[in-house]
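Generate coordinates for the entire structure from the input sequences, incorporating the hints supplied.
In case you want the letters, here they are:
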Amino acid sequence: MNFRVVAEIISSLDMSMGSGFSNDNLNNLSEWDQLLILVGRNKDKSAFKALYEHFAPRLKSFLLRIGSDESAAEEICQEAMIMVWRKAESFNPESAGASTWIFTIARNKRIDRLRKENRPMPDFNDPSFYKKPIDKSDDILQRVDEEKKIKKALKNLPPEQAKLIFSAYYDEKSHKKIADETDLPLGTVKSRIRLAINRLRTQLDEFGGSD
Amino acid sequence: MNKQNTLTLLESLLIDYANGTLPLALEVLVETHISMNPASAKSIRMLLQIGGALMENSDPVSLSEGSFERLMAEIDKTDNSEEEAHLFVSNDNNLLPLPLRDYIQDVDSPRSWKRIGIGLFEQALDFGDNFGSAKLYRIAPGSSVPSHSHDGNEVTLVLSGGFTDEYGTYGPGDISIQETGAVHKPVADDDGECIVLAVNEGPIVLTGPVGRLLNMLRK
Numbered sequence: 001m002n003f004r005v006v007a008e009i010i011s012s013l014d015m016s017m018g019s020g021f022s023n024d025n026l027n028n029l030s031e032w033d034q035l036l037i038l039v040g041r042n043k044d045k046s047a048f049k050a051l052y053e054h055f056a057p058r059l060k061s062f063l064l065r066i067g068s069d070e071s072a073a074e075e076i077c078q079e080a081m082i083m084v085w086r087k088a089e090s091f092n093p094e095s096a097g098a099s100t101w102i103f104t105i106a107r108n109k110r111i112d113r114l115r116k117e118n119r120p121m122p123d124f125n126d127p128s129f130y131k132k133p134i135d136k137s138d139d140i141l142q143r144v145d146e147e148k149k150i151k152k153a154l155k156n157l158p159p160e161q162a163k164l165i166f167s168a169y170y171d172e173k174s175h176k177k178i179a180d181e182t183d184l185p186l187g188t189v190k191s192r193i194r195l196a197i198n199r200l201r202t203q204l205d206e207f208g209g210s211d
Numbered sequence: 001m002n003k004q005n006t007l008t009l010l011e012s013l014l015i016d017y018a019n020g021t022l023p024l025a026l027e028v029l030v031e032t033h034i035s036m037n038p039a040s041a042k043s044i045r046m047l048l049q050i051g052g053a054l055m056e057n058s059d060p061v062s063l064s065e066g067s068f069e070r071l072m073a074e075i076d077k078t079d080n081s082e083e084e085a086h087l088f089v090s091n092d093n094n095l096l097p098l099p100l101r102d103y104i105q106d107v108d109s110p111r112s113w114k115r116i117g118i119g120l121f122e123q124a125l126d127f128g129d130n131f132g133s134a135k136l137y138r139i140a141p142g143s144s145v146p147s148h149s150h151d152g153n154e155v156t157l158v159l160s161g162g163f164t165d166e167y168g169t170y171g172p173g174d175i176s177i178q179e180t181g182a183v184h185k186p187v188a189d190d191d192g193e194c195i196v197l198a199v200n201e202g203p204i205v206l207t208g209p210v211g212r213l214l215n216m217l218r219k
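Here the protein sequences come in this chain order: H and C. Take the first sequence: its position 83, counted from the start at 1, is 83 in the numbering used here, and no numbers get skipped. Take the second sequence: its position 171, counted from the start at 1, is 171 in the numbering used here, and no numbers get skipped.
Since the hints were made in silico from the structure, they are not lab data. Honestly, I wouldn't trust all of these hints.
Unchecked claim - Ranges of calculated distance between the beta carbons of each label pair, as one might list FRET restraints:
| no. | chain 1 | residue 1 | chain 2 | residue 2 | range |
| --- | --- | --- | --- | --- | --- |
| 1 | C | Ser149 | H | Arg115 | 30 to 40 Å |
| 2 | H | Glu89 | C | Glu179 | 43 to 53 Å |
| 3 | H | Lys173 | C | Pro110 | 41 to 51 Å |
| 4 | C | Leu7 | H | Ser174 | 23 to 33 Å |
| 5 | C | Pro38 | H | Lys49 | 32 to 42 Å |
| 6 | C | Val183 | H | Asp139 | 47 to 57 Å |
| 7 | H | Pro159 | C | Lys77 | 43 to 53 Å |
| 8 | H | Arg115 | C | Ile118 | 34 to 44 Å |
| 9 | C | Lys114 | H | Asn27 | 55 to 65 Å |
| 10 | C | Asp108 | H | Lys173 | 41 to 51 Å |
| 11 | C | Gly181 | H | Leu195 | 18 to 28 Å |
| 12 | H | Ser46 | C | Asn5 | 47 to 57 Å |
| 13 | H | Asn92 | C | Met72 | 17 to 27 Å |
| 14 | C | Thr164 | H | Asp205 | 31 to 41 Å |
Positions of the beta carbon are idealized from the N, C-alpha and C atoms, including for glycine.
Okay, structure coming up:
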């Protein structure tokens with residue numbers, strides 16, 4: 001990633017964003033988060049191209065692995081990346097990193113294909129979404145830390161558990177296929193996935209505040 | 001169904017929600033639950049983060065030739081005629097949780113409620129997706145719903161007040177799951193009206209993972 005681009009982002013952001021976006025905080029963002037901010041602020045096509053070249057092939061690969069066929073994966077991928085361009089302004093690095101944000105957009109696009117109505121997903125980081133007040137202690141550092149821990153934990157999982165976690169994101173027919181191939185009831189397959197996610201959650205808690 | 005099974009099914013519902021495989025009525029029910037339950041909100045945040053990490057860790061697969069150029073052409077063509085984005089508008093004065101507002105006509109008007117028993121009213125909701133039935137029930141303080149069983153499995157979310165049945169006590173934001181054939185007699189708390197959203201799979205055979213799980217439990 002080009003240092004000039006990052007320097008430009010940092011100097012332009014510092015001027016106009018709130019107190020939550022100090023240079024220190026921005027330095028903690030991944031280069032992809034920073035590029036996304038640049039697309040949102042300046043409609044910068046070269047920043048978007050860099051994002052596309054990084055994420056589109058990974059998103060397509062992910063969609064293929066969770067059960068989409070070639071043409072659906074490519075279509076969802078393109079539609080999601082169009083949304084990334086259009087919605088980049090609303091990207092809030094306190095709420096989610098670029099990969100989580102793009103994953104969520106693709107999730108919604110996948111649903112839209114199956115439904116007539118395009119229904120937006122609510123903003124889970126908007127305090128007014130909640131009937132009960134939630135802790136609003138979230139900030140960039142905490143979010144970056146959470147996502148780092150998840151990536152690290154996923155990398156260190158035993159292969160069997162990693163496969164199970166991945167299969168939580170499979171589409172319906174892929175879940176059915178696992179049940180058929182393993183001769184296990186679908187409920188048992190789902191239980192194992194749920195247990196694998198619970199175990200990962202426990203592992204994340206055990207990391208505690210350390211990095 | 002005991003609390004442990006309910007907890008297990010709730011976790012599966014949250015996973016399916018994050019993955020986007022629930023029928024609309026259940027999707028809205030789960031979203032409403034999330035808006036009322038910070039622990040589930042935290043779970044969803046984590047599930048989306050895991051999805052993002054798995055996506056970014058996937059080995060890149062090339063897109064078809066010229067896909068970026070086609071995408072930019074599409075963007076240039078449509079950027080000028082962009083529609084107003086449909087956003088959830090927040091309104092703190094409204095009684096209803098945000099996700100439900102699109103689907104409920106008028107919660108206060110007596111005309112939107114049908115009396116089905118002593119101190120018991122219902123309002124059918126239309127999610128337009130052929131998925132069983134979704135209804136709001138309004139139970140007067142201390143009133144009970146007559147003992148009943150279910151044709152299909154039913155997921156019930158307490159919107160306000162609370163009730164108690166053979167399986168437990170439920171307050172605002174809590175979910176109770178009844179399997180087919182389970183018999184229960186919910187009694188509303190004495191200190192206020194109880195409003196719940198109940199999604200029943202009804203006679204339709206479900207196709208989603210949770211739906212199939214529910215179907216399987218039915219056998």
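Verification of the hints:
1. C/Ser149 <-> H/Arg115: 30 to 40 Å: holds, 31 Å
2. H/Glu89 <-> C/Glu179: 43 to 53 Å: Since the Cβ atoms of H/Glu89 and C/Glu179 sit about 46 Å apart, the hinted range of 43 to 53 Å holds.
3. H/Lys173 <-> C/Pro110: 41 to 51 Å: holds, 46 Å
4. C/Leu7 <-> H/Ser174: 23 to 33 Å: holds, 25 Å
5. C/Pro38 <-> H/Lys49: 32 to 42 Å: Holds, since C/Pro38 and H/Lys49 (Cβ atoms, about 39 Å apart) stay within the stated range.
6. C/Val183 <-> H/Asp139: 47 to 57 Å: About 49 Å separates the Cβ atoms of C/Val183 and H/Asp139, which means 47 to 57 Å holds.
7. H/Pro159 <-> C/Lys77: 43 to 53 Å: holds, 45 Å
8. H/Arg115 <-> C/Ile118: 34 to 44 Å: holds, 39 Å
9. C/Lys114 <-> H/Asn27: 55 to 65 Å: holds, 60 Å
10. C/Asp108 <-> H/Lys173: 41 to 51 Å: Since the Cβ atoms of C/Asp108 and H/Lys173 sit about 43 Å apart, the hinted range of 41 to 51 Å holds.
11. C/Gly181 <-> H/Leu195: 18 to 28 Å: holds, 27 Å
12. H/Ser46 <-> C/Asn5: 47 to 57 Å: With a Cβ separation near 53 Å, H/Ser46 and C/Asn5 satisfy 47 to 57 Å, so the hint holds.
13. H/Asn92 <-> C/Met72: 17 to 27 Å: The hint (17 to 27 Å, Cβ to Cβ) holds, given that H/Asn92 and C/Met72 are roughly 25 Å apart.
14. C/Thr164 <-> H/Asp205: 31 to 41 Å: holds, 32 Å
Hint check: no violations occur; every hint is consistent with the structure.
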